[in-house]
Amino acid sequence: MSESMAAGDGDPSSPGGARAAVVNDLSIQVATVNGSGSQSANTVLLRAIFQMGVPVSGKNLFPSNIAGLPTWYTLRASARGYVARKPEVDVLVAMNPETAREDVAGLAAGAAVVYDEPLGLSSLRTDLAFYPVPFDRLAGQVSSDARVKKLLRNMAYVGVLARLLEIELPEVERAIARQFAKKAKAAELNVAAARAGFEHAGQLRKQDPFTIRRLDLTRGKLIVDGNAACALGALFAGVTVVTWYPITPSSSLVESLTRYLQRTRVGEDGRATFAVVQAEDELAAMGMVIGAGWAGARAMTATSGPGLSLMAEFAGLGYFAEVPAVVFDVQRVGPSTGLPTRTSQGDVLSAALLSHGDTQHVLLLPAAVEECFTLGAQAFDLAERLQTPVFVLTDLDLGMNVWMSDPFPYPERPLDRGKVLSKEDLERLGGFARYRDVDGDGIAWRTLPGTDHPKAAYFTRGTGHDDEARYSERAEDWERNLLRLRRKLDTARGLVPPPVTDDRGAEVGIIAYGSSHHAVVEARDQLAEERGLATDYQRLRAYPFPEEVRAFVARHARVYVVEQNRDAQLATLLRGDLGPELAARVRPLARITGLPLDARTLTGAIGAAEEGR
Amino acid sequence: MADSTPAAPRANRLGLPLAEYRGGKSTLCAGCGHNAISERLVDAFYELGIPPERVVKLSGIGCSSKSPAYFLSRAHAFNALHGRMPSVATGALLANQGLTAVGVSGDGDTASIGVGQFVHLMRRNLPIVYVVEDNGVYGLTKGQFSATADVGSRAKSGAVNELPPIDTCALAVELGATFVARSFSGDKRQLSALLKAALAHRGTSMLDVLSPCVTFNDHEGSTKSFAYVKEHAEALEELSFVPAREDIAVEYAPGTSLDVELHDGSRLRLSKLEEGYDPRDRIRALTRLATAQQRGEVLTGLFYVNTGAPTLLDQLALVDAPLATLPERATRPSREVLETLLAELR
Ligand SMILES: Cc1ncc(C[n+]2csc(CCOP(=O)(O)OP(=O)(O)O)c2C)c(N)n1
Ligand code: SF4
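Order-wise, the sequence lines are chains A and B.
Position 145 (the first sequence) corresponds to 129 in our numbering; numbering is contiguous.
Position 203 (the second sequence) corresponds to 207 in our numbering; numbering is contiguous.
Keep in mind the hints are simulated off the structure, nothing from the lab.
Hints are not guaranteed to be accurate.
Below 20 Å or equal to it, Euclidean Cα-Cα: the simulated EDC-like pairs (lysine to aspartate or glutamate) are [stated by the list, open to error]:
{"hint": "1", "chain 1": "B", "residue 1": "Lys29", "chain 2": "A", "residue 2": "Glu452"}
{"hint": "2", "chain 1": "A", "residue 1": "Lys403", "chain 2": "B", "residue 2": "Asp154"}
{"hint": "3", "chain 1": "B", "residue 1": "Lys234", "chain 2": "B", "residue 2": "Asp154"}
{"hint": "4", "chain 1": "A", "residue 1": "Lys133", "chain 2": "A", "residue 2": "Asp111"}
{"hint": "5", "chain 1": "A", "residue 1": "Lys205", "chain 2": "B", "residue 2": "Glu348"}
{"hint": "6", "chain 1": "B", "residue 1": "Lys192", "chain 2": "B", "residue 2": "Glu51"}
{"hint": "7", "chain 1": "A", "residue 1": "Lys205", "chain 2": "B", "residue 2": "Glu343"}
{"hint": "8", "chain 1": "A", "residue 1": "Lys169", "chain 2": "A", "residue 2": "Asp129"}
{"hint": "9", "chain 1": "B", "residue 1": "Lys146", "chain 2": "B", "residue 2": "Glu224"}
{"hint": "10", "chain 1": "B", "residue 1": "Lys276", "chain 2": "B", "residue 2": "Glu301"}
{"hint": "11", "chain 1": "B", "residue 1": "Lys192", "chain 2": "B", "residue 2": "Glu178"}
{"hint": "12", "chain 1": "A", "residue 1": "Lys167", "chain 2": "B", "residue 2": "Glu348"}
{"hint": "13", "chain 1": "A", "residue 1": "Lys205", "chain 2": "B", "residue 2": "Glu340"}
{"hint": "14", "chain 1": "B", "residue 1": "Lys29", "chain 2": "B", "residue 2": "Glu43"}
{"hint": "15", "chain 1": "B", "residue 1": "Lys29", "chain 2": "A", "residue 2": "Glu457"}
{"hint": "16", "chain 1": "A", "residue 1": "Lys205", "chain 2": "A", "residue 2": "Glu155"}
{"hint": "17", "chain 1": "B", "residue 1": "Lys234", "chain 2": "B", "residue 2": "Asp191"}
{"hint": "18", "chain 1": "A", "residue 1": "Lys167", "chain 2": "A", "residue 2": "Glu157"}
{"hint": "19", "chain 1": "A", "residue 1": "Lys407", "chain 2": "A", "residue 2": "Glu457"}
{"hint": "20", "chain 1": "A", "residue 1": "Lys190", "chain 2": "A", "residue 2": "Asp129"}
{"hint": "21", "chain 1": "A", "residue 1": "Lys166", "chain 2": "A", "residue 2": "Glu150"}
{"hint": "22", "chain 1": "A", "residue 1": "Lys134", "chain 2": "A", "residue 2": "Asp111"}
{"hint": "23", "chain 1": "A", "residue 1": "Lys166", "chain 2": "B", "residue 2": "Glu348"}
{"hint": "24", "chain 1": "B", "residue 1": "Lys192", "chain 2": "B", "residue 2": "Glu238"}
{"hint": "25", "chain 1": "A", "residue 1": "Lys403", "chain 2": "A", "residue 2": "Asp451"}
{"hint": "26", "chain 1": "A", "residue 1": "Lys439", "chain 2": "A", "residue 2": "Asp450"}
{"hint": "27", "chain 1": "B", "residue 1": "Lys29", "chain 2": "A", "residue 2": "Glu157"}
{"hint": "28", "chain 1": "A", "residue 1": "Lys134", "chain 2": "A", "residue 2": "Asp200"}
{"hint": "29", "chain 1": "A", "residue 1": "Lys169", "chain 2": "A", "residue 2": "Glu157"}
{"hint": "30", "chain 1": "A", "residue 1": "Lys407", "chain 2": "B", "residue 2": "Asp285"}
{"hint": "31", "chain 1": "A", "residue 1": "Lys190", "chain 2": "A", "residue 2": "Asp111"}
{"hint": "32", "chain 1": "A", "residue 1": "Lys439", "chain 2": "B", "residue 2": "Glu24"}
{"hint": "33", "chain 1": "B", "residue 1": "Lys29", "chain 2": "B", "residue 2": "Asp47"}
Starting from the given sequences, assemble the full structure and let the hints guide the process.
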């Protein structure tokens, strides 16, 4: 796919002479050092392309370290709107002496390299376009302060790229103004650095085919990371109690939420309609959520794998004592402390079954930032409706990288506070049985502590109880209660968001969820265009699986289940749900590298499997 | 209780008879100190006229933690996880700050598995009455030592404890709890006064109540047996609780007593047994607890009180109405707010 992918008229003339122009289909990789302050420059670059109407995505690949180790930022522009990671690098910006040679060695022929002149990379290969840039000198033209200069070097490469790739300089300047909205002096310096880069690049001879041209595909869209989107979801779900313990990659979720809450939910008298508490650890964070949910608050916490493990004990209590709770799990790579700054979908099984005994939880699986918002908000309704913990599983890629998105829709439906009996209800009814299934959906009625009626109180415990919440070890009570809890999970199947299905009668089906979705979208096109293989696709958005999932598997001879972990965790859950006959159709396609999944990997794997079947 | 004279049932200021403050029938061993504590709690809530529906009872795991079933049936209860009651109580009060919370824990629950949550509860100054029913052993798992067992004390199995005890009161004072006391389940008068004062205090009231386990820790060689505690208990001061609504009759000669005014206007009157002991002096409290520890003294009484510190809930500056029941219009920002926030992301 080295040919132009421009929507509409691709320009076949080639400024470098060697290859046909490649318009609006490229990936840029910036290699720097952790802590060197390249984040602003990379954001400006992404925004400038976005403002030109070209779909764009950006991913940070960073080490678990504060400063000093190599870090990469990859940016992908795609007229076809592909936002998954693309492993091939078209344009490398080599700023890090430690990795420069290796980074250059890894490029495919025809790629471009913008590099810091002293690194002297141009002699390394003859099949690349090299652009040496004296970054120190350019930054020095703008400021003599060593610290400022270090930062400006980054904005200078944005200017260089703007000239080389034909990114409009005014758009770069607009993006800088926005990035440094509250710091006029910094904005000024950065504009000067970008211009210096742009000017310098005028002396370079264009030798590569890559360009960006204005399109109109991003109008009205947002740029936001998944953690902020989840935070907004919680905000508009009317969250009232937030407890947490810091952990990468979930911390920024609560940090964003706290800022949003402080801006929107403090009255003129300075009083808040929310409480945010940083707990001493994840055990306590989850305990507070359970206490608050029991007492009627919309309560949540956010964590990642190691924190999830610590929450297991309370998750089981929440399930069994039937207490609403919302847990955002922004997945990183496990087992154990794993790769703290890398991405995976490795908590699916543990979250679904978190805690001992017959415990099962509701999972929501957003694939894009918009769903971080909508499913994030829906989690609160489901938790209260079902009186159980609900886990929203995102991941580092979705949570910490910025994505383009349509604006989030204002929630039209009123908050669902679930089955709660008021004092008036109790007066009418004369009393209630906390765990009696009066409606046949497995969900019993509850009262909130503080309800002013002598019959309101009940005794909550994690030990066996009868339907009036009295301690019981009777076999019938135990069995009836556990079967009712299963009935409740069946009710959940009909309440959780249904899968999104594209079923056009192909023989082969693909199932995926979460951020793997983006690679699947692209891989399906590749399979069709390159191999003539049509595929149907179902994207799951929740566990327990709604009925449509079984129907989809039943309709397809082979179903590839795509996910980012080693053990095919979702496929395992799915097989258990389907039973042996349909389970045989499930083909796990699990890949884990710590990097976001790319389409090539899937196209290769599915293509090979289909050939060899 | 059967009475020969058909007198009208006694009632408190809410018009509720004592029976409305009772709980279920205890399933703990007859004579267990925990039962006596439940009775004192029933009395305290009854006498103060606290509406039982406004109360939440929370506990961890252990014989002690079963006790919320044995008082105040009309109050919501949460028998949570071993050592994790503090976090659940914190969450419940965040959700509804109008609740009166009483937490019941054991010494194993508090000082071993739960010590992490305990210390953070103390430093947050959550408004809760936190009672440790302290018997020096794990009752429910049949007699292992807990972290409050004294050095040299002997278990029923004959094992001798070699590790120094954690003094939960010293720990609580050190960490910022604002009402810290120790009592004995068999000392009806002192325990009642302390419980009532604790309920009138706004902040964390930590009461370590020595509560002998008649089944696993009431033998010769135990320092938490009835006989031992009765023999060695030494009160720091004599206490009487003066409710806000009662006239204050002068019982003691001035200079020998100290009144501590609590948040609802009631007072804890301390008649000095120990010369010059002022429980408002935190450093003094710590030193006195340390000397008691050194001398092997079972010191009881109010060690420390601070009625001026803000609670966790004060610090959060919450609206008056419980967060739990705020209506949608108070908690879900408007469409315009969403538009504004999204505009910033464009
Ligand atoms: C996580 C966990 N570990 C262990 C236990 C077993 N367990 C139940 S009660 C208890 C000790 C309770 O001791 P204490 O708090 O002193 O209360 P007591 O029974 O003496 O009143 C233990 C270890 C448990 N329930 N949960
Ligand atoms: S075992 Fe000990 S602590 Fe438990 S109920 Fe019996 S006497 Fe009380």
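Now for the hints, and whether the structure bears them out:
1. Restraint check for Lys29/B and Glu452/A: the C-alpha separation of about 16 Å stays at or below 20 Å, so the hint holds.
2. With a C-alpha separation of about 50 Å, the suggested pair Lys403/A and Asp154/B falls outside the 20 Å cut-off, and the hint is violated.
3. Proposed proximity of Lys234/B and Asp154/B is supported: the alpha carbons are some 16 Å apart, at most 20 Å.
4. Using a Cα cut-off of 20 Å, the hinted pair Lys133/A and Asp111/A is violated, with the two alpha carbons roughly 32 Å apart.
5. Only pairs whose Cα atoms come within 20 Å are accepted, and Lys205/A paired with Glu348/B is accepted, the gap being roughly 11 Å.
6. Using a Cα cut-off of 20 Å, the hinted pair Lys192/B and Glu51/B holds, with the two alpha carbons roughly 14 Å apart.
7. The hinted pair formed by Lys205/A and Glu343/B meets the criterion: a straight-line CA distance of about 13 Å does not exceed 20 Å.
8. The suggested pairing of Lys169/A with Asp129/A holds, with an alpha-carbon distance near 14 Å, which does not exceed 20 Å.
9. Restraint check: the Cα-Cα separation between Lys146/B and Glu224/B comes to about 17 Å, which is no more than 20 Å; the hinted pair holds.
10. The straight-line distance between the Cα atoms of Lys276/B and Glu301/B is roughly 18 Å, inside the 20 Å bound, and the hint therefore holds.
11. Taking the CA atoms of Lys192/B and Glu178/B, the gap is about 28 Å. The hint is violated against a cut of 20 Å.
12. For the suggested pair Lys167/A and Glu348/B, the alpha carbons sit about 17 Å apart, so the restraint of at most 20 Å is met.
13. Restraint check for Lys205/A and Glu340/B: satisfied, since their Cα atoms lie roughly 17 Å apart, inside the 20 Å limit.
14. Taking the CA atoms of Lys29/B and Glu43/B, the gap is about 12 Å. The hint holds against a cut of 20 Å.
15. For a cut-off of 20 Å, the pair hint linking Lys29/B to Glu457/A stands: about 17 Å separates their Cα positions.
16. Distance hint between Lys205/A and Glu155/A is fulfilled; the C-alpha atoms sit about 16 Å from each other, no more than 20 Å.
17. Annotation: proposed proximity of Lys234/B to Asp191/B holds, straight-line Cα distance about 9 Å (limit 20 Å).
18. Between Lys167/A and Glu157/A, the direct Cα distance comes to roughly 14 Å. Compliance with the 20 Å bound is thereby established for this hinted pair.
19. This hinted pair does not check out: Lys407/A and Glu457/A have alpha carbons roughly 31 Å apart, beyond 20 Å.
20. At roughly 32 Å between alpha-carbon atoms, Lys190/A and Asp129/A are farther apart than 20 Å, so this suggested pair is violated.
21. A distance of roughly 28 Å separates the Cα atoms of Lys166/A and Glu150/A; the hinted pair therefore is violated under the 20 Å criterion.
22. Annotation: proposed proximity of Lys134/A to Asp111/A is violated, straight-line Cα distance about 31 Å (limit 20 Å).
23. For the given pair, Lys166/A sits about 13 Å from Glu348/B by alpha-carbon distance, which is consistent with the 20 Å threshold.
24. Straight-line distance between C-alpha atoms of Lys192/B and Glu238/B comes to about 15 Å, which keeps the hinted pair within the 20 Å bound.
25. For a cut-off of 20 Å, the pair hint linking Lys403/A to Asp451/A stands: about 16 Å separates their Cα positions.
26. For a cut-off of 20 Å, the pair hint linking Lys439/A to Asp450/A stands: about 17 Å separates their Cα positions.
27. Between the alpha carbons of Lys29/B and Glu157/A the distance comes to roughly 76 Å, so the proposed pair goes past 20 Å and is violated.
28. Only pairs whose Cα atoms come within 20 Å are accepted, and Lys134/A paired with Asp200/A is rejected, the gap being roughly 35 Å.
29. Distance check on the hinted pair: Lys169/A and Glu157/A sit about 14 Å apart at the alpha-carbon level, within 20 Å; holds.
30. Of the supplied pair hints, the one linking Lys407/A and Asp285/B is violated, its CA atoms being roughly 45 Å apart against a limit of 20 Å.
31. Distance hint between Lys190/A and Asp111/A is fulfilled; the C-alpha atoms sit about 14 Å from each other, no more than 20 Å.
32. For the given pair, Lys439/A sits about 12 Å from Glu24/B by alpha-carbon distance, which is consistent with the 20 Å threshold.
33. About 16 Å separates the Cα atoms of Lys29/B and Asp47/B, which keeps this hinted pair within 20 Å; it holds.
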